[in-house]
Amino acid sequence: GENVEQHPSTLSVQEGDSAVIKCTYSDSASNYFPWYKQELGKRPQLIIDIRSNVGEKKDQRIAVTLNKTAKHFSLHITETQPEDSAVYFCAARDSWGKLQFGAGTQVVVTP
Amino acid sequence: DVKVTQSSRYLVKRTGEKVFLECVQDMDHENMFWYRQDPGLGLRLIYFSYDVKMKEKGDIPEGYSVSREKKERFSLILESASTNQTSMYLCATERDLMNTEAFFGQGTRLTVV
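First to last, the sequence lines map onto chains A and B.
Numbering of the first sequence is given in the numbering used here, commencing with residue 181 and proceeding in unit increments.
Numbering of the second sequence is given in the numbering used here, commencing with residue 852 and proceeding in unit increments.
Derived from the structure by calculation, the hints contain no laboratory data.
Incorrect hints may have been included.
As the list claims (entries may be wrong) - Cβ-to-Cβ under 10 Å is the rule here; a few derived chain A residues that face chain B:
| id | residue |
| --- | --- |
| 1 | Gly-181 |
| 2 | Pro-188 |
| 3 | Tyr-216 |
| 4 | Arg-223 |
| 5 | Gln-225 |
| 6 | Leu-226 |
| 7 | Lys-238 |
| 8 | Arg-241 |
| 9 | Ala-243 |
| 10 | Trp-276 |
| 11 | Leu-279 |
| 12 | Phe-281 |
| 13 | Gly-284 |
| 14 | Val-288 |
| 15 | Thr-290 |
Stated by the list, open to error - Simulated crosslink set (DSS-like; lysine-lysine; CA at most 30 Å straight-line):
| id | chain 1 | residue 1 | chain 2 | residue 2 |
| --- | --- | --- | --- | --- |
| 16 | B | Lys-906 | B | Lys-854 |
| 17 | A | Lys-278 | A | Lys-217 |
| 18 | A | Lys-217 | B | Lys-854 |
| 19 | B | Lys-921 | B | Lys-864 |
| 20 | A | Lys-237 | B | Lys-854 |
| 21 | A | Lys-217 | B | Lys-922 |
| 22 | A | Lys-222 | B | Lys-922 |
Unchecked claim - Every beta carbon over 10 Å from chain A, so not counted as near; a handful from chain B, in silico:
| id | residue |
| --- | --- |
| 23 | Val-855 |
| 24 | His-880 |
| 25 | Arg-895 |
| 26 | Gly-914 |
| 27 | Val-964 |
Bear in mind that the values here come from a model prediction, so they are computed numbers and not experimental data.
By construction, the Cβ of each residue, glycine as well, lies at the ideal position given by its N, Cα and C atoms.
Construct the complete structure from the given sequences, taking the supplied hints into account.
Rendered as structure tokens:
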């Protein structure tokens with residue numbers, strides 16, 4: 181089955197700097213890769229996703245890149261702000277249609 | 852706007868009790884999921900259902916069962932609660948199993964003592 185690994189587990193950045201979170205997956209048939217943000221005490225919410233026929237996608241300060249050959253994808257947050265502090269989860273949809281999630285990255289943005 | 856509502860925000864149960872966690876969605880989504888969230892382990896799939904009365908095991912089904920008698924409601928059952936089932940439980944729905952967003956409930960923090 182699909183296995184998703186996510187790094188780092190914690191990430192501390194200065195406000196205004198960039199943050200990068202990396203994930204790898206094992207199932208070459210996976211074709212959909214969403215990223216979820218979970219603020220403290222709240223439910224996970226989709227922030228961006230990418231499909232396997234696309235190499236990069238941007239939405240304002242966040243971007244996701246996908247390397248299908250290497251089976252890895254990354255989340256990039258530029259000009260970080262305190263409200264970016266949260267736990268971020270990557271996921272890959274496996275061949276059965278289920279989402280397999282990474283272990284999560286705690287991002288702390290310090291003023 | 853999709854609403855996924857879990858019946859309880861916090862629950863404390865005793866070892867050996869039968870526990871019911873309820874999830875209701877109002878968007879007519881076919882697919883519903885129960886995840887367990889533990890620090891350092893991410894979200895792990897317990898069970899999911901793609902239609903009424905249909906259920907499929909996820910990655911960690913042991914000690915759990917589910918029920919889906921109506922499209923909008925998906926219940927997670929702990930037949931005999933144990934302390935290692937203390938966790939955050941999240942319900943989610945998806946319109947299809949392809950390229951659509953998963954919508955989560957607010958979570959139930961279950962403590963088994």
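Hints versus structure:
Checking Gly-181 (chain A) against chain B by beta carbon gives a least distance of about 8 Å; that is within 10 Å, so the hint holds. Annotation: interface hint on Pro-188 (chain A) violated; nearest CB of chain B at approximately 12 Å, more than 10 Å. This hint holds: Tyr-216 (chain A) has a C-beta 8 Å from the nearest C-beta of chain B, less than the 10 Å allowed. Against a cut-off of 10 Å between C-beta atoms, the interface hint on Arg-223 (chain A) holds, since the closest Cβ of chain B lies about 4 Å away.
Interface hint at Gln-225 (chain A): satisfied, since its Cβ lies 7 Å from the closest Cβ of chain B, which is below the 10 Å cut-off. Hint on Leu-226 (chain A) holds. Least Cβ distance to chain B is approximately 5 Å, under the 10 Å limit. Because the beta carbon of Lys-238 (chain A) sits about 18 Å from the nearest beta carbon in chain B, more than 10 Å, this interface hint is broken. Taking 10 Å as the C-beta cut-off, the interface hint given for Arg-241 (chain A) is violated, the closest approach to chain B being about 20 Å.
This hint is violated: Ala-243 (chain A) has a C-beta 18 Å from the nearest C-beta of chain B, more than the 10 Å allowed. With its C-beta approaching chain B no nearer than about 8 Å, Trp-276 (chain A) sits inside the 10 Å limit, and its interface hint holds. The restraint placing Leu-279 (chain A) at the interface with chain B holds, with a minimum CB-CB distance near 6 Å, inside the 10 Å limit. Annotation: Phe-281 (chain A) was flagged as interfacial toward chain B, and the flag holds, the nearest CB pair being 4 Å apart, inside 10 Å.
For the restraint placing Gly-284 (chain A) at the interface with chain B, the shortest Cβ-Cβ distance is roughly 5 Å, inside the 10 Å limit, so the hint holds. Because the smallest distance between the Cβ of Val-288 (chain A) and any Cβ of chain B comes to about 15 Å, over 10 Å, the interface hint for this residue is violated. Hint status for Thr-290 (chain A) relative to chain B: violated, with the closest Cβ pair at about 21 Å, above 10 Å. Between Lys-906 (chain B) and Lys-854 (chain B) the CA atoms are separated by roughly 22 Å; this keeps the pair inside 30 Å, and the hint holds.
For a cut-off of 30 Å, the pair hint linking Lys-278 (chain A) to Lys-217 (chain A) stands: about 19 Å separates their Cα positions. For the hint pairing Lys-217 (chain A) with Lys-854 (chain B), the CA-to-CA distance comes to about 18 Å; that is within 30 Å, so the pair holds. About 26 Å separates the Cα atoms of Lys-921 (chain B) and Lys-864 (chain B), which keeps this hinted pair within 30 Å; it holds. This hinted pair checks out: Lys-237 (chain A) and Lys-854 (chain B) have alpha carbons roughly 27 Å apart, not beyond 30 Å.
Distance restraint check for Lys-217 (chain A) and Lys-922 (chain B): the Cα-Cα separation of roughly 27 Å lies within the 30 Å cut-off, and the hinted pair is therefore satisfied. Between Lys-222 (chain A) and Lys-922 (chain B) the CA atoms are separated by roughly 25 Å; this keeps the pair inside 30 Å, and the hint holds. Against the 10 Å criterion, Val-855 (chain B) falls within the reach of chain A, whose nearest CB is about 8 Å from its own CB. For His-880 (chain B), the requirement that its beta carbon stay farther than 10 Å from each beta carbon of chain A is met, with the minimum near 13 Å.
Interface exclusion of Arg-895 (chain B) from chain A breaks down, the closest Cβ pair being 8 Å apart, not more than 10 Å. With a minimum CB-CB distance of about 20 Å to chain A, Gly-914 (chain B) clears the 10 Å threshold, and the non-interface call stands. No Cβ of chain A approaches the Cβ of Val-964 (chain B) within 10 Å, the least distance being about 22 Å, so the stated non-interface status holds.
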